[in-house]
Amino acid sequence: MGIEEHLGYNILTTSLEKLVDWGRKSSLWPATFGLACCAIEMICTAANRWDIARFGMEAFRASPRQADVIIIAGTVCKKMMPAIERIYEQMTEPKWVIAMGACACSGGIFDSYAVVQGIDKYLPVDVYVPGCPPRPEGLLYGILKLHEKILQDPFLTKKYQERLALRQEAV
Amino acid sequence: MNSAETMKRTETMLLNLGPSHPSTHGVLRVLLELDGELILRADPDIGYLHRGIEKMCEYRTYHRCMPLMNRLDYLAGEVNLFGFCLAMEKLLGIEVPKRVQYIRVMIAELTRIASHLFWLGTHGHDLGAMTPLFYAFREREKIMDMCEMISGARMFPLYLRIGGLAADLPEGFIPAAWEFVKSFPDKCQDYHNLLTKNQIWIERTKGVGVMTADEALDWGWSGPMARGSGVNWDLRRDNPYSSYEEFDFVVPLGKNGDTYDRYLVRMEEMIQANRIVRQALEKLAETPPGDIKAEDPRVSLPSKDAVYNDIAGLINHFKLIQEGIKPPVGEVYQCIEAPKGEMGFYIVSDGSPQAFRLKIRGPSFVNLSAMDKLARGRLLADSIALIGTMDIVLADVDR
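The listed protein sequences derive, respectively, from chains A and B. Just so we're aligned: 202 in our numbering is position 49 of the first sequence, and the numbers increase by one with no gaps anywhere. Just so we're aligned: 208 in our numbering is position 203 of the second sequence, and the numbers increase by one with no gaps anywhere.
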């Protein structure tokens, strides 16, 4: 954990909190993590036409330890699930999860024996982006929603600390 | 005491490549046994994207299988659906109008270009050349836009139907396609300028993953992988379907069977696919517009006019939607030349609206099986070139 452990909660840190939140949302680094079809649209989002760099997100990190947000792009199969959980646990706090596409949100059209019916059974999802696959604009909209969420995320409050404790307990 | 031989022997190391690795094109896991940087054994571990598509097809009606077919080889979604529709039409014994055949060929070839462009971008990116990705995506986006025109979806248009098409080509599609067809050869030259004589590219690809023609056949390779080794086999020419025999195109062949030759073959295939699209556009102009489905009440929905004003049409519509298509008892195999090789559909029908068994022969699965053969004795960095050159799509491998 970073800055939040060393500060109390007062007026000064409230302003600092806003600054830190703004910094966090402006340079979210996603993990390079593609599962299936949606990963192609994620690559399109990162490529020239939609240019995810406009949102400070072009630094796709292959190592989850350097990533802030993981975009679960595609069908999550039962064989893959332990690996995803491990990648998520390797990411450092604070971390966010975007469920991209119908499969990651709910299993999508694959209601079969091999597919996890929604990643939210295992990971705390922040933003759901529906679609099969979602258009790059859809993913960008999801990312903007995540930005809003981060801006409103007072990480020093008691509420946040409680939520964090809950999350760590679940892990 | 120790001879030089035993002194040199080192302990081997097991390296886990994937399932989360930026260069494995999805969720492939390769277990590599390494001696230093030398690969002693490469063992692909698949199944991380096994979605059970074949099983799902056994309890879905044929129409409901179609979206699943799109998602098999998701870089060329419409080509898979093309094969499935052809297999169904073979089973039902229907002939579709010429206009449908030409449009299908055109869509399939555009999708082939899109798939190869994606391969080019990611293959280059894996081997350290980032620029081709951006140039390749420039043209790929144009094809995606055309897909969007015909159905509203970018990657999975789901435009083909059993016995025809969902709708006729929309207004503005033909001019957009012509514009693409005319500009594409020049754009292809851009990619050649970036890579073909690039010394780093040549060093990374020449002599890597060599396969002779006989070996390629033994391993069951097909498509550009086999043609890179000099196997003169293309289902579009040698086993034509959907009026491919009317089109004039060259099947490019490689000589050395290495990664560089396969690169050249795929580059030339894009040019040839572009030629086919051009011919399809010319042929399309001679066919009557609106002739987009086989007039067979077993498969084609009646016109809206018949549904609203005629009891027979209404019943036909209701039966098709509620019960689905009921093909005769029998089995059929139909293969097509997908961008990655031979894509085959084997359907066993027991006369019910669901398939008794639907087996999909995915080209990526067969091509991937030679991973160990290609990687043995090569350096670790070459394994990335090999995965790239095989152009695998994990959804097609695992299904």
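There may be inaccurate statements among the hints.
Pairs of lysine to aspartate or glutamate residues, derived as EDC-like cross-links and limited to a Cα-Cα distance of at most 16 Å, are as follows [stated by the list, open to error]:
| id | chain 1 | residue 1 | chain 2 | residue 2 |
| --- | --- | --- | --- | --- |
| 1 | A | Lys231 | B | Asp50 |
| 2 | A | Lys232 | B | Glu300 |
| 3 | B | Lys60 | A | Asp264 |
Just so you know, the hints here were simulated from the structure itself, not pulled from any lab data.
Results of checking the hints against the structure:
no., hint, in the structure
1, A:Lys231 / B:Asp50, "15 Å, holds"
2, A:Lys232 / B:Glu300, "45 Å, violated"
3, B:Lys60 / A:Asp264, "11 Å, holds"
Hint compliance for this structure: hint 2 alone is broken.
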